[in-house]
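Between the sequences and the hints, there should be enough to build the whole structure, so can you do that?
As they're listed, the protein sequences go chains C and S.
Positions 1 to 167 (our numbering) are the ones given, in order, by the first sequence.
Positions 1001 to 1487 (our numbering) are the ones given, in order, by the second sequence.
Hints are computed from structural coordinates only; laboratory data are not their basis.
Warning: the hint list may mix true and false statements.
Said to hold, decoys possible - Cross-link-like lysine-lysine pairs, in silico, BS3-like; alpha carbons within 30 Å at most: (1) C:K109 - S:K1144; (2) C:K68 - S:K1279; (3) C:K68 - S:K1380; (4) S:K1260 - S:K1380; (5) S:K1144 - S:K1212; (6) S:K1379 - S:K1285; (7) C:K79 - C:K5; (8) S:K1143 - C:K109; (9) S:K1176 - C:K42; (10) C:K42 - C:K124; (11) S:K1482 - C:K71; (12) S:K1210 - C:K107; (13) S:K1279 - C:K124.
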Amino acid sequence: MSTSKRTLVYGIGNPYRCDDAVGIKVAQEIAEQIKSQDIDVKWGSIDGVAILDEIVDYHRVIFIDSIKTNKGKPGDVYKIKQPSGKSTETFSSHGINFLTAIRFGEKFKLNMPVQIDVYAVEIKDNTSFTEECTADVLNSIPKVVQVILEEIKETDGTKLRKNQNRI
Amino acid sequence: MYKEITIDPITRLEGHGKIDIFLDDKGDVAHACLQIPELRGYERFSIGRLAEEMPRITETICGVCPTTHHTCSGKALDDLYGVEPPPAAKKIREFVYNTFMFEDHNLHFYFLGGPDFIVGPAAPKAERNVVGVIGKVGLEIGKKVIDIRKRSRNIIQTMGGRVVHPVHCLPGGVSKPMTKELQQEFKKTAEDAIEFAKFTLQAFDDIVLKNKTYVDLIVGDIYKHQTYYMGLVDDKNKVNFYDGWIRVVDPEGKEFAKFKAQEYLDHIAEGVESWTYIKFPYLKKVGWKGFVDGKDSGVYRVAPLGRLNASDGMATPLAQEHYQRFYETLGGKPVHNTLATHWARLIEAMQAAERMVELINDPEILDPNVRNMDFQTPKKGIGVIEAPRGTLFHHYETDERGRLTKANLIVATVNNSAAINMSIEKAARGLIKGGKVDDGLLNMVEMAFRAYDPCFACATHTVDGRVPLEINIYDTEQKIVKSIKSH
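The following block contains the structure:
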C-alpha cells in the first residue's frame, strides 16, 4: 500500500465522442484551478490495465468518468460506491475490467492507493463524433469540479487559487 | 450535489455484441450472426481537419493500441507529404513499435486470451482472468509480467512522449532522437524481453502443448476455417510489423497477391450487411460469396495466424525456430485452426523482442537527423502497419492546404469480421443439436472471439472495460427460446 502523500485526479473519456469527454473536461478544469505539488491532474482514454499503470504509487486517486445508468438525468453526478461483485468476468478480448486491474495490483502488493474514489456524470450521448458535450452535461461541469475540489480541500488541505484569466 | 450509487459493471453498454442464432425446424442451427452497434464515425469526423492532426486524433480510436493508429497515421502522412523519414527516424519508430507489439502480445496472453488455457476452458467464468492465471502459475511469474510490461511501456513513454497516446510520429520522421544514455537503458530492457519471450513460449509448451485436451481443442474442427491470409512481409517474405509488402496467400498457402499499401483498393473491397454497422472486407479479385470457407470465397484472415501463414518465415532467428516447430506440430502450412493464433502470437512476441535488440544496437539509431521536412503539396496518403490484431490501413485525401477531404480506415479487427461471424456460426452449429442448447456455448464463442483479439469497443470506453455479450436463440417462428448474457 502506498506510503506516498500524492493524489491523482484522472479524467477518463474519449475527447471526440460527445459526452464521453466529460471526465476529461472536468479534469482539465480542475487542472486550471488547482495548485499543489502533491496533486497531479491527468486525463486520457484508458482501459483497466492502463489504469493500473497510472494509479500505482499514489496515495489517493479520484477518477471522473461518464456513466449511463438509464435512471438519472443527463448532468446528474454520482459518487460510486464499491461496485458489485461481478467484476472478474472477462468477455472483453481487448482489455481487463477496472476491478480486475485493482485486484491484480493488490494481489501483487503493488504500491496501490489507500483510497480510490470514482465520480461519474450521467450522460446522454457518447456515440456522436464531436468535441462538444450536450448542454445538460456541459452545464454540470462546474458542479462536478466544485464537488471534487471541495473534497480534495477537506481531505488534503490543498490550497486553491483562482484563475484570473477565466470568466 | 451528488448521489452515492452502487453500479453494476454492465451499466454502460457501448460496444456490446449481440449474437442471434436461428434454429431450423429440427432445432439445429440454420444461421448465426454477430451484430455490433458501433459506428465508424472517425472517418466522417476527420473531414475538414488538418491532416497533421490525424496521428493525435486516430490514436483515440483505441485505448489499448493507440501506438498502432498513431504510427500508421504517421506513415500515411509521410506518403501524403511525399517525405521519406531519415533512417534513424525509421529505426526509432520501428523500435518503439516492436516494443509495443511485444508488450501488447504479452498482455493478451497473460491477461486476456491465456486464461482460457492456463486456468482452463471449463473453469468458472469468475476465475478465467489474470488473477486466475496468477493463481495457477504463481506470484513470481506475475511479478515478471508486471516488471517487463512496465519497462516496455517506459520505452514507449520516453520516446513517444506519452504512453497512452504517444505524440512522436510526425510527417517525415519523429519528434526526438535517441540518446546514448537512453540506448544503454533500453538495451537491457530489450535483452530481458527476449528472455521473457523464451520463458512465455516455454510456459505455453508446458501448459498447453503438453496437455492433450488443449491440443485436441486447438486442432479440432470447431475452430477451423480454410480462408485466405494476409500480412506484411519484408523483401524476403519474412514477417514485418512496421513496413513492407502486403502479401496474401490462398487457402493452400500459395501466394495470391503481393502489393504496396497504395494499391490496397485494387485488392480489397468492403461489403456491408443490413444487420450490422461493421463492414466485411474481402478480396476483390475473388469476390464476396458470403460467410463461407474455401478458395472461391474472398474471405481472408489477418492477425498473428494470418501473418505467419502469409509469410515464408520469421525475420529473427529464435522466432524462426519456433515458427518451424509451429508448422511441424500442426501439420504444415497453412494452419487453419483459429486457436493456434495464441501460439502464433507468442512467436511474434519473440520476433518483436529480437527486433528490439537488433534496432537498439544499430549505431545508426543514434543519428540526430530524425526529420525530413522536404514536404510536397499534399493530395493522397496511405499508410499500413500490422496491429497486434491485424493489418491496419489509414487512407487520407486532402486539399492543397492539407485539410482532409476523405478518410478511410480499415481497422485490424474489421479485416477479420467475416471470419469471426463464421467462427460464431460454426461454434453454434457444433454445440446446438436438436434444440438442446449447451450452456458452454457462451464460453466457446468467447474463446473464438479472444483468439482473434477483436476490438469492437475501441472507439469508446466502458467503466469496467468489458464488452457485454448477449446471445439470443430463435426458433423458426422468430421467438426467443433461450437467451444468455455475459453479465
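Here's how the hints hold up against the structure:
no. : hint              : in the structure
1   : C:K109 - S:K1144  : holds (13 Å)
2   : C:K68 - S:K1279   : holds (27 Å)
3   : C:K68 - S:K1380   : violated (40 Å)
4   : S:K1260 - S:K1380 : holds (15 Å)
5   : S:K1144 - S:K1212 : holds (28 Å)
6   : S:K1379 - S:K1285 : holds (27 Å)
7   : C:K79 - C:K5      : holds (22 Å)
8   : S:K1143 - C:K109  : holds (10 Å)
9   : S:K1176 - C:K42   : holds (23 Å)
10  : C:K42 - C:K124    : holds (24 Å)
11  : S:K1482 - C:K71   : holds (27 Å)
12  : S:K1210 - C:K107  : holds (29 Å)
13  : S:K1279 - C:K124  : holds (27 Å)
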